[in-house]
Amino acid sequence: MRRSLVAVVAVLVALLAGCSSGPEPQGQGGGAPSADGAFPATIPTAFGDVTVPAAPQRVVALGWSDAETALALGVQPVGASDWLAVGGDGLGPWVTQRYTTPPQTLGTLEVDLEQVAALQPDLILDTRSSGTKERHDQLAQLGVPVVSIPPGGEDYLTGWRDQLRMVGAAVGKPQEAARLQSELENRFAQARQQNPALNGATVVSGAKNTLGEYAAYVGRTGRVEFLRELGLVNSPAIEAIPTQGFSVPISREQMNLLDARVTLMQAISGNPADITGDPLWGTVPSVAAGRGIVLDDRTLSLAFASSSVPGQLYTLDRMVGPIAAAVAKP
Numbered sequence: 142m143r144r145s146l147v148a149v150v151a152v153l154v155a156l157l158a159g160c161s162s163g164p165e166p167q168g169q170g171g172g173a174p175s176a177d178g179a180f181p182a183t184i185p186t187a188f189g190d191v192t193v194p195a196a197p198q199r200v201v202a203l204g205w206s207d208a209e210t211a212l213a214l215g216v217q218p219v220g221a222s223d224w225l226a227v228g229g230d231g232l233g234p235w236v237t238q239r240y241t242t243p244p245q246t247l248g249t250l251e252v253d254l255e256q257v258a259a260l261q262p263d264l265i266l267d268t269r270s271s272g273t274k275e276r277h278d279q280l281a282q283l284g285v286p287v288v289s290i291p292p293g294g295e296d297y298l299t300g301w302r303d304q305l306r307m308v309g310a311a312v313g314k315p316q317e318a319a320r321l322q323s324e325l326e327n328r329f330a331q332a333r334q335q336n337p338a339l340n341g342a343t344v345v346s347g348a349k350n351t352l353g354e355y356a357a358y359v360g361r362t363g364r365v366e367f368l369r370e371l372g373l374v375n376s377p378a379i380e381a382i383p384t385q386g387f388s389v390p391i392s393r394e395q396m397n398l399l400d401a402r403v404t405l406m407q408a409i410s411g412n413p414a415d416i417t418g419d420p421l422w423g424t425v426p427s428v429a430a431g432r433g434i435v436l437d438d439r440t441l442s443l444a445f446a447s448s449s450v451p452g453q454l455y456t457l458d459r460m461v462g463p464i465a466a467a468v469a470k471p
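Going letter by letter, the sequence shown gives residues 142 to 471 in the numbering used here.
Check before you lean on any hint, since a few could be wrong.
As the list claims (entries may be wrong) - Quick list of simulated restraints, FRET-style, between CB atoms:
#1 Gln334 / Gly229: 35 to 41 Å
#2 Ala330 / Ala196: 32 to 38 Å
#3 Gln261 / Gln385: 34 to 40 Å
#4 Ala258 / Lys470: 51 to 57 Å
#5 Lys470 / Asp437: 17 to 23 Å
#6 Pro194 / Gly360: 36 to 42 Å
#7 Asn327 / Asn412: 34 to 40 Å
#8 Glu394 / Gly178: 54 to 60 Å
#9 Lys470 / Gly293: 22 to 28 Å
#10 Asn340 / Gly248: 22 to 28 Å
#11 Gln335 / Gln385: 34 to 40 Å
Note that these hints are calculated values from the structure, not bench results.
Here the structure is a predicted model, which means the values were calculated and not measured.
Glycine included, C-beta positions come from ideal geometry on N, C-alpha and C.
Input sequences plus hints: build the corresponding full structure.
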């Protein structure tokens, strides 16, 4: 019988996934990385320590951005989930490393265990996922190491540092992971130095779905983390709204909640024109003042949502300038 895993709150994930937690310089369970290629490697997870006995040869990457993180470290998964619905091999143009052999495309919210088992994996990466014990336990039935969310982690809120560290340790590339972390942190530092006006400026990062509903992301999600790395501050009005999810809904009667020094909006599974053509969008004070940004480049929008090292490097090259220009407007 075909067995599958169904993550909870599928509707929320369709709108809001791609989230991650706040920055932690060493990541949970940090410290000096061991030498690359050192095995066995033990990785702390929310479900206990996981030991990878030897260099994996057949990696299956199920978590959000796990595949492109492994690729950035020089490891090509044999199976991968396409969370961003990029299509093809699941890699957007922001990923410079490419597959020599495309992986088997696997499910996201729903994962077919028989399909995964047929790939004969020796390592399963699931570092940014729903993170439920049910999902972990069913994957663990396959009898191979499963690297799930970090200790204390929550669904889809694994930060890029933790993801990079965990994947790096599991595939035997901890020093390369540390190098990539340093590279991205240096790029953020350079952007802050070159754009001091961003420091302390308020921002709202939001989305509009195909149902016409607006939402604003909250503090520990990947998009907000990226903006915070630039020195921006998530809108206190948004942060003050209680939520158990990745975002807070914004009703059409409360559009002023989207106001900030700069307001950034994405269309989720829709058309950016659905935002720019909405008269209510123009009533947001920051938008009326010319400080609203709608991401109309699909590749940039997806790279921003990836919250991976490659995605953030791509986004830095293309988004900092428009944000700085918007902040500078009166």
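How the hints compare with the structure:
1. Gln334 / Gly229: 35 to 41 Å: Because 37 Å falls inside the window, the suggested range holds.
2. Ala330 / Ala196: 32 to 38 Å: 33 Å, holds
3. Gln261 / Gln385: 34 to 40 Å: Cβ of glutamine 261 to Cβ of glutamine 385: about 38 Å, so the range 34 to 40 Å holds.
4. Ala258 / Lys470: 51 to 57 Å: At roughly 55 Å between Cβ atoms, lysine 470 and alanine 258 fall inside 51 to 57 Å, so the hint holds.
5. Lys470 / Asp437: 17 to 23 Å: Cβ of lysine 470 to Cβ of aspartate 437: about 19 Å, so the range 17 to 23 Å holds.
6. Pro194 / Gly360: 36 to 42 Å: Since proline 194 and glycine 360 have Cβ atoms about 38 Å apart, the given range 36 to 42 Å holds.
7. Asn327 / Asn412: 34 to 40 Å: 36 Å, holds
8. Glu394 / Gly178: 54 to 60 Å: Given range 54 to 60 Å: holds, Cβ gap about 58 Å.
9. Lys470 / Gly293: 22 to 28 Å: 40 Å, violated
10. Asn340 / Gly248: 22 to 28 Å: 42 Å, violated
11. Gln335 / Gln385: 34 to 40 Å: Holds, at about 37 Å.
The structure does not agree with the numbered hints 9 and 10 stated previously, though it agrees with the rest.
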